[in-house]
Amino acid sequence: MAWHVSVYVTLKPSVMDPQGATVQRALNQMGYKAVTDVRVGKFTELEFEAGLSEADVKKQADEICDKLLANPNIEAYRFTVEKK
Amino acid sequence: MRFSVTVFPGSNCDHDCEYVLRDVEKQDVQMIWHKDTDLKNPDCVVVPGGFSYGDYLRTGAIARFSPVMKSVADFAAKGGLVIGICNGFQILCEAGLLPGALIRNKNIKFLCQSTYIRVEQNNTPFTNACKPNQVLKIPIAHGEGNYFIDAAGLKGLKDNNQIVVRYCDANGQLTPESNPNGSLENIAGICNVNRNVFGLMPHPDRSAEDILGSHDGHYLWQSILSSKVGAK
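Protein chains in written order, with the working numbering: chain A, 626 to 709; chain B, 14 to 245.
Extracted from the complex, chain A is given alone in its bound form (with noise of 0.2 Å):
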């Protein structure tokens, strides 16, 4: 057993995706024509040791979020935690 702490980070919306907008272009291209908008995130897992409170988790992933995964100028971030 230990935490598995799932992590978003995704461009705010004010911030432009150019790699996004590419990929809804060749969707279209392909034939999915309802797609109107597409946004490319991360996707990040972490693990840790299961002796910590699930409060201390959060504690840590909010930290490990604001200091290294996002930044806080053009992405916004959310993270689930589980015990596996």
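Read the hints as simulated data drawn from the structure, not as lab findings. These numbers come from a predicted model, not from an experiment. One should not assume that every hint holds.
[As the list claims (entries may be wrong)] Once the Cα atoms are required to be at most 30 Å apart in a straight line, the calculated DSSO-like pairs of lysine-lysine come out as:
1. B:K83 / B:K39
2. A:K667 / B:K83
3. B:K48 / A:K692
[Claimed, not checked] If the Cβ cut is set under 8 Å, some of the chain B residues that face chain A in the computed set are:
4. K53
5. R71
6. R117
7. F161
Every residue, glycine too, gets a C-beta built ideally from N, C-alpha and C.
Position chain B against the provided structure of chain A, taking the given hints into account.
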């Protein structure tokens, strides 16, 4: 002057900077490995271009936690001159020494080409040898050079005259076509409020001799050499 060039795993313009400073500008240059914390008493720190840490996660995101960056931040806080070129600019933004961020180029291509930039501010230690609105021909080579800052941040940059160079055409006009990467308001380089930290995407390290297609980078190095500002 004494220059210290930081070297990260994946830096690849560190030797371009060493060459231009030592062989072209005839200055003292020392290379500082990213795990070192002693900057060896420089007058100016150069954070060079390249692909530090393979650009993993985000450009500059991991390099900014290298031990040397704490020393660079301390040096900058004391008024020392710091110039970040290309990946160096990205690292300085990630480190919070400069505001904003560099995101993926608008056309998602890696761009390696000659560009023109216009000197918007020549009252910085990095541009004081340039005339107002002087147009410099300096090349770029990057995939993430699209400068972004939020509306409040942009206002701050303008209020404090921190936008130092902008992409332009050969005549100095700021056109959408002359903006290679989609940067907000054609921004190619900015300084901090105290004007002792400067970051830009174009490479003055690759453009200080005619044989390289342009010697205009020389104006930026010459500015640093003629500036009186230094770490206290």
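Here is what the structure says about each hint:
{"no.": "1", "hint": "B:K83 / B:K39", "in the structure": "holds (28 Å)"}
{"no.": "2", "hint": "A:K667 / B:K83", "in the structure": "holds (27 Å)"}
{"no.": "3", "hint": "B:K48 / A:K692", "in the structure": "holds (19 Å)"}
{"no.": "4", "hint": "K53", "in the structure": "violated (28 Å)"}
{"no.": "5", "hint": "R71", "in the structure": "holds (6 Å)"}
{"no.": "6", "hint": "R117", "in the structure": "holds (5 Å)"}
{"no.": "7", "hint": "F161", "in the structure": "holds (6 Å)"}
Consistency with the previously given hints fails for number 4 only.
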